[in-house]
Amino acid sequence: AQSVSQHNHHVILSEAASLELGCNYSYGGTVNLFWYVQYPGQHLQLLLKYFSGDPLVKGIKGFEAEFIKSKFSFNLRKPSVQWSDTAEYFCAVNMNSGYSTLTFGKGTMLLVSP
Amino acid sequence: DTGVSQNPRHKITKRGQNVTFRCDPISEHNRLYWYRQTLGQGPEFLTYFQNEAQLEKSRLLSDRFSAERPKGSFSTLEIQRTEQGDSAMYLCASSPTGLSNQPQHFGDGTRLSIL
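Sequence order for the protein chains is D and S.
Using the numbering used here, the first residue of the first sequence is number 53, and each one after it goes up by one.
Using the numbering used here, the first residue of the second sequence is number 645, and each one after it goes up by one.
FYI, nobody ran anything at the bench for these hints, they're computed from the structure.
Among these hints, one or two may not hold up.
Unchecked claim - Label pairs and their computed distance ranges (CB to CB):
| # | chain 1 | residue 1 | chain 2 | residue 2 | range |
| --- | --- | --- | --- | --- | --- |
| 1 | D | S70 | S | Q661 | 45 to 53 Å |
| 2 | S | E696 | D | K113 | 32 to 40 Å |
| 3 | S | R725 | D | S132 | 47 to 55 Å |
| 4 | S | E722 | D | A69 | 30 to 38 Å |
| 5 | S | K658 | D | H62 | 29 to 37 Å |
| 6 | S | L759 | D | G114 | 23 to 31 Å |
| 7 | D | E116 | S | T664 | 35 to 43 Å |
| 8 | S | L699 | D | S70 | 21 to 29 Å |
| 9 | D | I112 | S | S649 | 16 to 24 Å |
| 10 | S | N745 | D | E118 | 14 to 22 Å |
| 11 | D | Y79 | S | R755 | 28 to 36 Å |
| 12 | S | L743 | D | E118 | 19 to 27 Å |
| 13 | S | T646 | D | K121 | 19 to 27 Å |
| 14 | S | Q728 | D | H62 | 39 to 47 Å |
Only a predicted model underlies this, so the values are computations on that prediction, with no experimental measurement involved.
Just so it is clear, CB atoms sit at the ideal spot from N, CA and C, and this is done for glycine as well.
Chain D with its partners taken away, still in its complex shape (with noise of 0.2 Å):
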């Protein structure tokens, strides 16, 4: 069965400091990759996604993730970050194969102070 691991299960900055998030996956075979953002009293929302191409891909508020195959890594980043990222991020994978549920990561609490 697959399974994701998030590093951190709470992280503290401060506004204009850098972020990388760690998220791992076990699946030996061709997997999406997913980050969900869920901003204080709203839904999960995307923010970005892997399918294919590119490693390195780009989603909504100047957050980035790239897709490590090796090491089966899906770490998000953002080079500055605002009192508005505060929230929780959680990495979420399926199989890449025609119809397949996803699987989640126990999520990753962001706390950006001002």
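We have chain D; now place chain S onto it with these hints.
Chain S alone, transformed into the frame defined by chain D:
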């Protein structure tokens, strides 16, 4: 707002009671998913529908749980004889089809608290 709608937002009930949640997916989305999220965890898959057909159920979905999507539009999730361990956020999501590379759109969830 044409997003995924879930009702109620909160449900408090006594142990042993039955509860039912409703999900209205984005219009014309054929695939509908139910997830459960507990504190400190990410969403965990429960079941999904392709139109009105329930195609897969997780081991988390005990026989006290039942889900329906009778006309391929809205869906209901019922929990019978609720237990303390059922306390969680129940999330619904939808996607246009079930293709794995299509992102799912989530609702706000229904928070269930068992007294």
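Checked hints:
no. : hint                        : verdict
1   : D:S70 - S:Q661: 45 to 53 Å  : holds (49 Å)
2   : S:E696 - D:K113: 32 to 40 Å : holds (37 Å)
3   : S:R725 - D:S132: 47 to 55 Å : holds (51 Å)
4   : S:E722 - D:A69: 30 to 38 Å  : violated (46 Å)
5   : S:K658 - D:H62: 29 to 37 Å  : holds (34 Å)
6   : S:L759 - D:G114: 23 to 31 Å : violated (44 Å)
7   : D:E116 - S:T664: 35 to 43 Å : holds (42 Å)
8   : S:L699 - D:S70: 21 to 29 Å  : violated (42 Å)
9   : D:I112 - S:S649: 16 to 24 Å : holds (23 Å)
10  : S:N745 - D:E118: 14 to 22 Å : holds (18 Å)
11  : D:Y79 - S:R755: 28 to 36 Å  : holds (31 Å)
12  : S:L743 - D:E118: 19 to 27 Å : holds (24 Å)
13  : S:T646 - D:K121: 19 to 27 Å : violated (36 Å)
14  : S:Q728 - D:H62: 39 to 47 Å  : violated (26 Å)
Of the numbered hints listed earlier, those contradicted by the structure are 4, 6, 8, 13, 14.
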